[in-house]
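Under the numbering used here, the first residue of the sequence shown carries the number 1, and numbering increases by one thereafter.
No wet-lab data here; the hints were simulated from the structure.
Mixed in with the good hints there might be a few duds.
Pairwise CB distance ranges, derived in the manner of DEER restraints [said to hold, decoys possible]:
no., residue 1, residue 2, range
1, 280, 346, 23 to 33 Å
2, 186, 234, 26 to 36 Å
3, 286, 311, 41 to 51 Å
4, 82, 283, 40 to 50 Å
5, 234, 109, 36 to 46 Å
6, 286, 343, 25 to 35 Å
7, 278, 85, 26 to 36 Å
8, 325, 131, 20 to 30 Å
Cut-off 30 Å, straight-line C-alpha distance, at most; resulting in silico cross-link-like pairs (DSBU-like, lysine-lysine) [stated by the list, open to error]:
no., residue 1, residue 2
9, 335, 290
10, 214, 130
11, 233, 169
12, 39, 72
13, 325, 306
14, 130, 174
15, 335, 325
16, 5, 72
Just so it is clear, CB atoms sit at the ideal spot from N, CA and C, and this is done for glycine as well.
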Amino acid sequence: MSSHKITITGASHNNLRHLNLELNLNELIVITGVSGSGKSSLAFDTIYAEGQRRYVETFSPYARQFLDRMDKPAVERIEGIPPAIAIDQTNPVRTSRSTVGTMTELNDHIKLLFARAATLYCRGCGEVVKRDTAESVCAELLAQARARQVALFTFAVPVPDNFSVAEIKTFLAKQGYNRFHTESETLLEVIQDRVRLAETHRDRIVEAVEMAFKHGRGRVTVYPLDEQRQAGKAWRFSADLHCAACDLHYQEPVPNLFSFNSPIGACEACRGFGRTMGIDYNLVIPDEGKSLAEGAIKPWQTASYKACQDELIAFARQRRIPINKPWSQLSAEQKAWVVEGEGDFDEGVWYGVQRFFDWLET
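Use the sequences and the hints to build the structure in full.
Encoded structure:
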């Protein structure tokens with residue numbers, strides 16, 4: 001027997017009459033036939049039933065008591081069958097959140113894989129977000145720096161509302177910090193050290209980064225200085241899962257972050273159900289061959305909302321949007337103007353089709 005085939009011998013379930021059959025694994029196979037020929041008996045009651053029954057038998061007796069048990073199919077022998085899952089027309093899904101991934105338990109393994117092995121990228125700039133250490137910062141600085149380049153190591157200290165800048169400076173002076181790179185009414189950028197970026201100064205660089213991390217709440221900014229001692233573009237580092245360039249903080253990746261069944265992992269729009277309530281613009285504009293003047297926006301072609309149609313035409317003329325050109329021939333920007341508008345009703349500008357529907361829902 002080939003390990004790449006399912007071999008069925010003597011299948012007699014329901015309408016099947018001692019059927020012998022070989023099916024190749026890892027292929028898409030279609031079972032066709034007239035009604036009553038035994039298609040479902042072969043696919044669901046024989047192949048799936050035996051695959052699922054053998055799969056369930058691999059669980060402990062305790063776990064099996066919570067699983068649906070399937071009767072052994074009427075077949076002499078089935079060989080080479082792997083664990084199986086079936087999705088039939090009667091929709092056996094128990095909840096609206098069930099998927100093939102949840103039913104096969106693949107989701108549980110994928111959640112762990114992404115939480116432990118995935119690489120985090122910043123949604124703002126697309127760069128890798130990682131935790132920096134004093135050693136990793138030092139190595140990166142030495143790799144980027146020019147020969148004999150000097151750099152300022154700074155950390156930020158916010159000024160609380162109930163303190164003045166002078167009070168914060170006094171507090172910092174007691175800790176030995178008297179130099180500032182920039183300062184404002186809300187933030188002081190304190191100079192930790194000025195160091196030449198060279199291998200001979202590695203220990204001093206590491207110490208400067210460690211102290212800046214300590215006093216700067218895990219963040220340090222390094223300014224390379226040119227020959228005139230003018231600060232160049234800042235190099236930002238963070239000891240947390242924080243994109244220093246975009247100032248975006250990310251939470252620790254946990255398995256539930258990758259689960260649509262968890263509040264922290266579910267999509268903010270659909271809440272994990274995979275669908276949202278919205279406006280079908282194929283129904284709002286059913287005939288794209290019509291122009292705005294001919295009534296392309298169908299809901300506004302009644303006496304109740306004729307005023308909206310009149311306002312659309314008036315504002316379109318002001319913005320030089322073609323009102324006699326078919327909707328299908330308008331540019332993407334022109335269509336977006338019609339749908340999204342320019343502002344709210346009370347702003348004296350075109351409010352858009354979407355705001356009209358938002359108003360209806362209030």
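Checked hints:
{"no.": "1", "hint": "280 with 346: 23 to 33 Å", "verdict": "28 Å, holds"}
{"no.": "2", "hint": "186 with 234: 26 to 36 Å", "verdict": "18 Å, violated"}
{"no.": "3", "hint": "286 with 311: 41 to 51 Å", "verdict": "21 Å, violated"}
{"no.": "4", "hint": "82 with 283: 40 to 50 Å", "verdict": "45 Å, holds"}
{"no.": "5", "hint": "234 with 109: 36 to 46 Å", "verdict": "41 Å, holds"}
{"no.": "6", "hint": "286 with 343: 25 to 35 Å", "verdict": "27 Å, holds"}
{"no.": "7", "hint": "278 with 85: 26 to 36 Å", "verdict": "32 Å, holds"}
{"no.": "8", "hint": "325 with 131: 20 to 30 Å", "verdict": "56 Å, violated"}
{"no.": "9", "hint": "335 with 290", "verdict": "13 Å, holds"}
{"no.": "10", "hint": "214 with 130", "verdict": "18 Å, holds"}
{"no.": "11", "hint": "233 with 169", "verdict": "26 Å, holds"}
{"no.": "12", "hint": "39 with 72", "verdict": "18 Å, holds"}
{"no.": "13", "hint": "325 with 306", "verdict": "20 Å, holds"}
{"no.": "14", "hint": "130 with 174", "verdict": "33 Å, violated"}
{"no.": "15", "hint": "335 with 325", "verdict": "12 Å, holds"}
{"no.": "16", "hint": "5 with 72", "verdict": "20 Å, holds"}
Comparing the model with each numbered hint stated earlier shows that hints 2, 3, 8 and 14 do not hold.
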